[in-house]
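Peer 1: As a plain string of letters, each chain reads:
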Amino acid sequence: MTINKDSLTEETIFAEVCRLLGPFNKRGVSVTRTTNFSSDLELDSLAVMDLLAEIEDHFDITVPLNVLPDLEKVGDVSAAVLKIIKG
Amino acid sequence: MDLFDKFEPLLQAKAKLPFEDGDPFTVCMEKVISQTEAIINGRHTVLAGTNNYLGLTFDRTCIEAAHQALDEQGTGTTGSRVLNGTYAGHRGLEEALAEFYGTAHAMVFSTGYQANLGMISTLCGPKDFLLIDADSHASIYDGCKMGDATVVRFRHNDANDLDKRLRRIDASAGRLVVLEGLYSMLGDRAPLKELVAVAKAHGASVLVDEAHSLGVYGATGRGVSQEDGVEDQVDFIVGTFSKSVGTIGGFCVSNHPKFEVMRLVCRPYLFTASLPPSVVASATAAVKVMGRSPELREQLWRNARQLHDGLEKLGFSLGAPVSPISAVKISDQATAMRFWAGLLKAGVYVNLAFPPATPQGIYLLRCSLSAAHTPEQIAFMLEKFKEVGLALGEIGPNRVSETRPAGADARTIASPLTAGAAAATG
Ligand SMILES: Cc1ncc(COP(=O)(O)O)c(C=O)c1O
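Residue numbers (our numbering), protein chains in the order written: chain U, 115 to 201; chain F, 20 to 445.
Isolated chain U (complex conformation) (with noise of 0.2 Å):
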């Protein structure tokens, strides 16, 4: 694991998710933290679940399902991550 958890800020966590979501957004939308999974980049059940076992795996952290519900924006995944991450 090349990632230092310690050092990780929301800046940081947000910049890996914009680059992991980079394959998803076909439309080339620019993403910000309140840009829309569902309605701003189209994103399915299924699509979402793949770019969210890559954030996962990314960052060797379990995402339950339990919070997927919050997380609409690509904002509250930054933060959800960072959450997380410090515990």
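Incorrect hints may appear among the rest.
[What the hints assert, rightly or not] Quick list of simulated restraints, FRET-style, between CB atoms:
hint : chain 1 : residue 1 : chain 2 : residue 2 : range
1    : U       : 183       : F       : 32        : 18 to 24 Å
2    : U       : 121       : F       : 37        : 52 to 58 Å
3    : F       : 45        : U       : 198       : 42 to 48 Å
4    : U       : 183       : F       : 42        : 30 to 36 Å
5    : F       : 192       : U       : 150       : 29 to 35 Å
6    : U       : 136       : F       : 406       : 46 to 52 Å
7    : U       : 121       : F       : 286       : 42 to 48 Å
8    : F       : 179       : U       : 136       : 21 to 27 Å
9    : U       : 119       : F       : 26        : 42 to 48 Å
10   : U       : 201       : F       : 179       : 22 to 28 Å
[Claimed, not checked] In the PhoX-like style, the derived pairs of lysine-lysine whose C-alpha atoms are separated by at most 25 Å in a straight line are:
hint : chain 1 : residue 1 : chain 2 : residue 2
11   : F       : 50        : F       : 364
12   : F       : 219       : F       : 183
13   : U       : 197       : F       : 146
14   : F       : 146       : U       : 119
15   : F       : 183       : U       : 197
16   : F       : 277       : F       : 219
17   : F       : 183       : U       : 119
18   : F       : 146       : F       : 277
19   : U       : 200       : F       : 146
20   : F       : 405       : F       : 364
21   : F       : 219       : F       : 146
22   : F       : 50        : F       : 403
23   : U       : 200       : F       : 183
24   : U       : 197       : F       : 164
[Claimed, not checked] Negatives, chain F to chain U, calculated, CB over 12 Å:
hint : residue
25   : 31
26   : 77
27   : 79
28   : 99
29   : 121
30   : 328
31   : 329
32   : 415
Read the hints as simulated data drawn from the structure, not as lab findings.
Beta carbons: idealized from backbone N, C-alpha and C, even for Gly.
Please arrange chain F with the ligand on chain U, whose structure you already have, making use of the hints.
Peer 2: What follows is chain F with the ligand alone, placed relative to chain U:
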């Protein structure tokens, strides 16, 4: 704000579907003729979507047992298992199940749905982890929603993904891996050997829902756990009486030494009335018939092979290798509806299955076979599949392309707990 406003998008989506040929949500069996035939819309129809795998709904022994119980014990128990709702028959059924599975404990619920709801929500508390297959049945997702555990979903039938996810969870926490023997929509079997081995290597407990595999797989019909030789490593087996057993009800069997405490803590067991005596009697008879009738299972598999091979030969794309469930993939929703209606008009009933009940956002004509089907009935199904398939261009020279439009999956991130899990009929 009207409470029903939230259903407006669904109603609008429904309004766009081609219902002119028939409505799959309002089918009525006007008269039931046998395990495999009924009158629908005034027409004589062969049933190819009932989950009545062994055809026991009309078994003489089962019917007579139910009759006798009805006459002697009345129409219902009018009470919970822990109050006035445990009769000798309920005990007898639990003993028959424990004997059938060779387990120390068996607990009967009023439906299979409640068995999953009860076991999953009760076994795992706030500090525990539930690991569920992404294609799990709605009752498993709902059990997760009802409980307080942290829920982690792994890729369908993917032992490596399960392994990775278990590795990320603190091994001192309680962990339950929930699997199914045979997945009801595509009819694909779980690689239980691999999945159970991974779960056990991490010290996790395992629950297997054998809803569609009971009576179908294994040397004595106990399911895929038996077929794959992993029963001694499966901590909890859940099943239903609503398919191969031919009535209604659910159960869980286990060898866990403390299992009986479930009767005091499992709310879907406690706070609902017990099964009526006639149902208990026919289920008990059916479990015994099942145990001594390997010929039913053999006939079921011959039938399954005939339909599966026939559909493949016609050029249809099926969801999985041969099993009593043959799921025919249809290219889009409108064609699936027309195909379904065309089959019904021609005298064949199958299940029409859409997302979110289906995985991967696909549209299915789901057939399930019975040992009670005759080779002639299956030949009839194949003939009608061919006629309608050719007319709609799903097979033959006019075959439409296989690609589906993007975004066909209507599921959104807002409702992940129902994703892949709102099983419509199965
Ligand atoms: C996999 C699975 N589990 C559980 C159930 C629920 O069973 P029941 O019909 O007894 O509620 C079903 C089907 O309905 C099922 O397909």
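Peer 1: Taking 25 Å as the top limit, are the C-alpha atoms of residue 50 of chain F and residue 403 of chain F close enough?
Peer 2: At roughly 22 Å apart (the allowed maximum being 25 Å), residue 403 of chain F and residue 50 of chain F satisfy the hint.
Peer 1: Starting from the range 42 to 48 Å, see whether the pair residue 121 of chain U and residue 286 of chain F falls in it by beta-carbon distance.
Peer 2: holds (46 Å)
Peer 1: Keeping to a limit of 25 Å between CA atoms, is the pair of residue 197 of chain U and residue 146 of chain F held or broken?
Peer 2: Holds. Residue 197 of chain U to residue 146 of chain F sits at ~18 Å (cutoff 25 Å).
Peer 1: Could you tell me whether the CB distance from residue 119 of chain U to residue 26 of chain F stays inside 42 to 48 Å?
Peer 2: holds (43 Å)
Peer 1: Just to be careful, I want the Cα atoms of residue 50 of chain F and residue 364 of chain F compared with a cutoff of 25 Å; is the pair within it?
Peer 2: It holds: about 16 Å lies between the C-alpha atoms, which stays within 25 Å.
Peer 1: Given the hint that residue 219 of chain F pairs with residue 183 of chain F, does the C-alpha gap stay at or below 25 Å?
Peer 2: Status holds; Cα separation ~14 Å.
Peer 1: Does the hinted range 30 to 36 Å hold for residue 183 of chain U and residue 42 of chain F at CB?
Peer 2: holds (31 Å)
Peer 1: Regarding the assertion that residue 31 of chain F does not contact chain U, is the least Cβ-Cβ distance greater than 12 Å?
Peer 2: holds (16 Å)
Peer 1: Taking the beta carbons of residue 121 of chain U and residue 37 of chain F, is their distance inside 52 to 58 Å?
Peer 2: holds (57 Å)
Peer 1: Please check whether the beta-carbon of residue 77 of chain F is more than 12 Å away from every beta-carbon in chain U.
Peer 2: Holds, since 41 Å exceeds 12 Å.
Peer 1: Check the hint pairing residue 183 of chain F with residue 197 of chain U against an upper bound of 25 Å on the C-alpha distance.
Peer 2: Satisfied, since the Cα-Cα distance of roughly 21 Å is no more than 25 Å.
Peer 1: For the pair residue 192 of chain F and residue 150 of chain U, does the Cβ-Cβ distance stay inside 29 to 35 Å?
Peer 2: Hint holds: Cβ distance 33 Å, inside 29 to 35 Å.
The structure fails none of the hints (numbered hints given earlier).
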